[in-house]
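J.: Each chain is listed here by its residues.
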Amino acid sequence: MASLRRILLATDLEPKSDRALERAVHLARRFDAELTALHVVDGTGGPYGCLPLHHVEAELQRHILAVPGGAEIRSQAVAVRGDAVEHRVAGYAGLWLPDLLVVGLHQRDRVADLFLASTVERIAIADGTPMLIVRDKPLQPYLRALVPVDFSERSRPSVDGVRMLMREGSIHLLHVVDLPGMAGRCSSPLDTAPLDTAQVAHDFRKVLGTPSGEPDQEPAVETILLTGSPGRRIVDLARDGRYDLVALGSARRSGVSRALLGSTASEVIEALPCDVLIGGTGGVRSPVPASTFGLNGESDAGEPDGHH
Amino acid sequence: MPENQMAITELFSAAEVILDAAPATKPALLDRLAAEAATRSGRPAPEILDALLAREKIGSTALGKGVALPHTELAELAVPVVLFARLQRAIDFDARDDEPVDLVFLALWPASNRKGLLAAMAEICGALRDPQSVRRLRGAKTPADAAQIVLQAVARDGEDPDIVKDPDDAPPGL
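So the protein sequences, as listed, match chains V and P. If you want the numbering used here, it's the 1-based position in the first sequence plus 154. If you want the numbering used here, it's the 1-based position in the second sequence plus 11.
Okay, chain V solo, but in the shape it has when bound (with noise of 0.2 angstroms):
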């Protein structure tokens, strides 16, 4: 099971954002990880685009410290300069290899237009890290997760993700069948009976793997197989379930990430009541040039791995 050691946090520095902030905190004081917040400052003349990269690093770390519990934790603060928000942010996530990446997510309104779902998309896409995708104000650890699986490989990154956040709750994998065939022969979403139900059970077994840590510090699992719309049926059972957390497939992939992470991945995104977890590439990842992420006087952080 992989554990949380980075935590990268990626921020527009709006008020908006704050909440994404505070959960990064508080998973860095929770699993004694290191935290880095990045700030990507418009190249083109954006709204700090006057402020020395220094003085942006200093007001990251300022907010961090105003987090209760930030003077506690492990952390840095690191400004680049450029116009496309995804490369930076994989750029850096590619260079300091993050097991976290943290974003918050803007409602569309004519004030964010920096970390909207279709820019959150473009980083997930651009970068193999798993992503954490914050909406709510964290007020208690994870607790209730929804893991939708396709029982294939695919899904195991989203498993992984959630038991890298949780050490107690409960997590519900959710399977959902969408055979073309099964039109009509399910008269209800619970209605599975023409499923074999043994053969499921061991899928769930099989994604699931073997729990690496301490019983006393593991989430309880439970199973869930529906019929229908994978990504109606998600959406759903996330509003109805009252769940805190649901994981989702690599954007990178298909799969039953395809359903929800294609052409519509931000309107899923938008469309789920709680945070997200974008699975990552299960330990995938495509190596970064250094010029990607622009080191050479970029950034006032010189090395992806100082601390200031």
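In short, the hints are calculated from the structure, not lab data. Do not take every clue at face value.
To be verified - Derived lysine to aspartate or glutamate pairs resembling EDC-like cross-links, with alpha carbons at most 16 angstroms apart:
1) K152(P) - D31(P)
2) K126(P) - D172(V)
3) K37(P) - E67(P)
4) K37(P) - E110(P)
5) K126(P) - E168(V)
6) K76(P) - E58(P)
Since we're looking at a predicted model, the values are computed, not measured.
Model the placement of chain P on the given structure of chain V, informed by the hints.
T.: Relative to chain V, chain P alone:
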């Protein structure tokens, strides 16, 4: 500028200008600025000074080329405070370029208006990118002159958003 933010032009006048201040050190300067801000804001000077020192602890607020922008947020502050001080003699401000500082802007912002401080800092930094404005501030005869120079520079910078700005690449003003 969004409706919930206050522009520097709304906050700054000759009354916020201190010419030829004579602190000998950075702590003495911050102490003086905190005292001046206290009279304008109604907040206790020690509270303001502590917040400014906490911010400097993260990293110097010197911008380079002899200019500094100490700033912070205060929870109980009702309205923003912006001051400008010109020093009789430049002092060490732990600047990255090691240049002693003789022009200082102070920005205090209510913590409840989190976005306002960054926007104000960007406004001040943008205005100071004009080398002539910095030069004229050093030669200003009266507080009214200095205030006018600042406000004109802010206005010019706001009118020309297409200027490509790279404050990390030896800009002319800073």
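J.: Decide, hint by hint, whether the structure agrees.
T.: Going through the hints against the structure:
With a CA separation close to 10 angstroms, the supplied pair K152(P) and D31(P) stays within the 16 angstroms bound. For the suggested pair K126(P) and D172(V), the alpha carbons sit about 11 angstroms apart, so the restraint of at most 16 angstroms is met. A C-alpha spacing of about 10 angstroms is found between K37(P) and E67(P), which places the hinted pair at or below 16 angstroms, so the restraint holds. About 13 angstroms separates the Cα atoms of K37(P) and E110(P), which keeps this hinted pair within 16 angstroms; it holds.
For the suggested pair K126(P) and E168(V), the alpha carbons sit about 7 angstroms apart, so the restraint of at most 16 angstroms is met. For the proposed pair K76(P) and E58(P), the alpha carbon gap of about 29 angstroms is over 16 angstroms, so the pair is violated.
Taken one by one, the earlier hints fail for this structure only at number 6.
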